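K.L.:
Here's the letter readout for the chains.
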Amino acid sequence: MARRALPARPGPGPVRPDRPDTPPPVIRIRRLTKSYGHGDATVHALRGPDDPATGGPLGVDLDIEQGDFVAVMGSSGSGKSTLMNILGCLDVPTGGRYLLDGIDVGHLDEGQLALVRNRKIGFVFQSFNLVPRTTALAQVELPLAYAGVRAAERRRRALAALSLVGLAERSGHRPNELSGGQQQRVAVARALVTAPAMLLADEPTGNLDSRSTEEVLGLIDGLNATGRTVVLITHEDEVARHAKRVLRLVDGMIVSDLRQAPVDGPPPALHRAGVPA
Amino acid sequence: MILWQTLRFAAGGLVANKVRSALTMLGVLIGVASVILLLAVGNGSSVAVKESITSLGTNSLTVTSGSSFGGARSASSAKKLTVADAKALATEADPHAVRSVAPVVTAAGTALNGDISYSPGSIVGTYPAYFETANQKVEHGEYFTQDDVLASRKVAVLGATTAKQLFATADPVGRQIVVGGTPFTVVGVLRAKGGTGFTDPDDVLVAPLPTVQNAFTGFGSVNQIMVQAASADSTAQAQSEITRILLGTHAIADPTKADFRISSQTSLLSARESTTKTFTVLLGAVAAISLLVGGIGITNIMLVTVTERTREIGIRKALGAPRGVILGQFLTEATLLSVVGAGLGVLAGIAGSHFRIVGIEPVVIPESVLGAFGIAVAIGLFFGSYPANRAASLRPIDALRHE
Ligand SMILES: Nc1ncnc2c1ncn2[C@@H]1O[C@H](COP(=O)(O)OP(=O)(O)OP(=O)(O)O)[C@@H](O)[C@H]1O
Ligand SMILES: [Mg+2]
Numbered sequence: 001m002a003r004r005a006l007p008a009r010p011g012p013g014p015v016r017p018d019r020p021d022t023p024p025p026v027i028r029i030r031r032l033t034k035s036y037g038h039g040d041a042t043v044h045a046l047r048g049p050d051d052p053a054t055g056g057p058l059g060v061d062l063d064i065e066q067g068d069f070v071a072v073m074g075s076s077g078s079g080k081s082t083l084m085n086i087l088g089c090l091d092v093p094t095g096g097r098y099l100l101d102g103i104d105v106g107h108l109d110e111g112q113l114a115l116v117r118n119r120k121i122g123f124v125f126q127s128f129n130l131v132p133r134t135t136a137l138a139q140v141e142l143p144l145a146y147a148g149v150r151a152a153e154r155r156r157r158a159l160a161a162l163s164l165v166g167l168a169e170r171s172g173h174r175p176n177e178l179s180g181g182q183q184q185r186v187a188v189a190r191a192l193v194t195a196p197a198m199l200l201a202d203e204p205t206g207n208l209d210s211r212s213t214e215e216v217l218g219l220i221d222g223l224n225a226t227g228r229t230v231v232l233i234t235h236e237d238e239v240a241r242h243a244k245r246v247l248r249l250v251d252g253m254i255v256s257d258l259r260q261a262p263v264d265g266p267p268p269a270l271h272r273a274g275v276p277a
Numbered sequence: 001m002i003l004w005q006t007l008r009f010a011a012g013g014l015v016a017n018k019v020r021s022a023l024t025m026l027g028v029l030i031g032v033a034s035v036i037l038l039l040a041v042g043n044g045s046s047v048a049v050k051e052s053i054t055s056l057g058t059n060s061l062t063v064t065s066g067s068s069f070g071g072a073r074s075a076s077s078a079k080k081l082t083v084a085d086a087k088a089l090a091t092e093a094d095p096h097a098v099r100s101v102a103p104v105v106t107a108a109g110t111a112l113n114g115d116i117s118y119s120p121g122s123i124v125g126t127y128p129a130y131f132e133t134a135n136q137k138v139e140h141g142e143y144f145t146q147d148d149v150l151a152s153r154k155v156a157v158l159g160a161t162t163a164k165q166l167f168a169t170a171d172p173v174g175r176q177i178v179v180g181g182t183p184f185t186v187v188g189v190l191r192a193k194g195g196t197g198f199t200d201p202d203d204v205l206v207a208p209l210p211t212v213q214n215a216f217t218g219f220g221s222v223n224q225i226m227v228q229a230a231s232a233d234s235t236a237q238a239q240s241e242i243t244r245i246l247l248g249t250h251a252i253a254d255p256t257k258a259d260f261r262i263s264s265q266t267s268l269l270s271a272r273e274s275t276t277k278t279f280t281v282l283l284g285a286v287a288a289i290s291l292l293v294g295g296i297g298i299t300n301i302m303l304v305t306v307t308e309r310t311r312e313i314g315i316r317k318a319l320g321a322p323r324g325v326i327l328g329q330f331l332t333e334a335t336l337l338s339v340v341g342a343g344l345g346v347l348a349g350i351a352g353s354h355f356r357i358v359g360i361e362p363v364v365i366p367e368s369v370l371g372a373f374g375i376a377v378a379i380g381l382f383f384g385s386y387p388a389n390r391a392a393s394l395r396p397i398d399a400l401r402h403e
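Chains as they are written, first to last, in our numbering: chain A, 1 to 277; chain B, 1 to 403.
So here's chain A without its partners, still in its complex pose:
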């Protein structure tokens, strides 16, 4: 498995000719559309503005900088999860391009996509999605196992990740022996154990009470403070307040894009608490 390799990232020149001094965005999507069904029953989950010429969907354009913390908001059915699944390479768009770290994901084959999911992306789901009948430790070891990390090293790193989320003493527990908040923290540990550049979280606190929400958000803030790019879906303004930038989706279209804090600084929550970056 260690022999698998990603195509080399192209130089920054052609991607961002206008601002050569800053790194290219980790995420760049252009005219991205996603639709389900055929004919009259077609649902455009992601459509962007209408093309004035044809009246068809023009697609969504979005750039996310390295180190940014983006909250995606919007009513139910507005296409947030659809967007997130495409960003996480779990789903493929109907049209448009998605450049991750400058690489066009549409051109990658199965094996390379698996590698991208494994190395570059940590995904946290609203419904936790832990592997059943598997201990927390084995759970967190999984992405490392798929990356071909040796057993001893895997164990060490998985334990470190578990203690980061405060669950070191629960490492032998199976999902059905953990509370919802604990399960979500295991999921966060699993997402961050490979040290991915990007953390994608689809309503990570949607099933949690306020205390667990604070714990999980605290972890995510900490990750962002160390330079990870975070994209997070939420319905709650409380949660959105942790983000540096807030996007609002309506019917598969980005209707507002609000910056709450600079990309380079610490996440607003830590800033307010007075913790240095």
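The hints are simulated quantities; they were obtained by calculation from the structure and are not laboratory data.
Remember, it's a predicted structure, so these values are computed and weren't measured experimentally.
All residues carry an ideal CB built from backbone N, CA and C; glycine is no exception.
It is possible that part of the hints are untrue.
Claimed, not checked - Below, a sample of chain A positions facing chain B; criterion: calculated Cβ distance under 7 Å: (1) N85; (2) L90; (3) D91; (4) G106; (5) E110; (6) Q112; (7) A114; (8) R117; (9) K120; (10) F123; (11) N129; (12) V131; (13) L142; (14) P143; (15) Y146.
Use these hints to put chain B with the ligands onto chain A, whose structure you have.
P.N.:
Positioned in the frame of chain A, the structure of chain B with the ligands alone reads:
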């Protein structure tokens, strides 16, 4: 390391559903065990037939008097076989076809050893060539000789059963017995052949032809002439030689009116052997079907497992599991099921073959063990690969959304 990891995932998956895995394995187990056992039973019966062929002497032909059409009509006109016929066969037949000739008379009588009395199944008077032709070997002592025949000496060779009845554990060689009022000296004891049919081949007493004729049957006809062909391949040639010569001595022109019958036990038994082969093939087919059913069981279970765990597959793929790992995990599960099931089936089949089944001693065919095991594992791989492939090629989001 990856292999070990895959094995552990697969074993974990099987252990998580103990009853289901056990039942699937049971299906394979029964399939493999029945293939091994039923083929062993079929093989056992054909081995038994083969043994009785070799115990008869593979090259032996028996000439008896009577028309090949049978019935009383020809029996009256039939000329009996005589010692002269045997002599004619011995001298005139092509030595490349016929090795030896032994006229045989049989009689019944009682043998006495002191005050122990026993009636052997048959008292046979013949030439020394009889021993080789009938595949009778002396275990102890000697055969009687051509000289004994010429001198009409009162010597006897006992079959194993007869010897045991008359002498129990004592050594009969050199001892005197009285048969039909005539004293005989025992010169040898035949090796036991063991009974394969209703008559015990060891229940005999063999003595020189003229001695028996003198004591029991008189010097008329003989009951049969045993002819040993030069080799197993020349029995047909020997048969036509015998026909030619005996037609001559009996002065019969039309071969269809022959008043004697030549039977080769070998041909009779090889017909029986081919019957047992058919039997074996039928048993094997039944067993193969049960093996196939076991294979379908694996497919079914793997399909259920994959469907049930589609969400888990989605999670694993979202974590970056390459297609090969997912495929490997489910294929390994299917293979583990079939390997363990087949392994236990081999053990069960071999254990079962130690018992007599419907009067047949099963003889395991080594190829059937390897074959059944190999086929079971191949079926597991083949039928397991369909669900495994389906699982591995799911898009992560489709797998995650699966209900
Ligand atoms: N597999 C699918 N097949 C058909 N339609 C789908 C499918 N997945 C999503 N949709 C449709 O696409 C639209 C966007 O769905 P999406 O899951 O992205 O919404 P969301 O913004 O995440 O909503 P929520 O906040 O309720 O999670 C919805 O109208 C939904 O019905
Ligand atoms: Mg959603």
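K.L.:
Run every hint past the structure and note whether it holds.
P.N.:
Results of checking the hints against the structure:
no., hint, in the structure
1, N85, "5 Å, holds"
2, L90, "4 Å, holds"
3, D91, "4 Å, holds"
4, G106, "14 Å, violated"
5, E110, "6 Å, holds"
6, Q112, "10 Å, violated"
7, A114, "4 Å, holds"
8, R117, "4 Å, holds"
9, K120, "9 Å, violated"
10, F123, "6 Å, holds"
11, N129, "5 Å, holds"
12, V131, "6 Å, holds"
13, L142, "5 Å, holds"
14, P143, "5 Å, holds"
15, Y146, "5 Å, holds"
In summary, the structure is inconsistent with hints 4, 6, 9 from the numbered list given earlier, while agreeing with the others.
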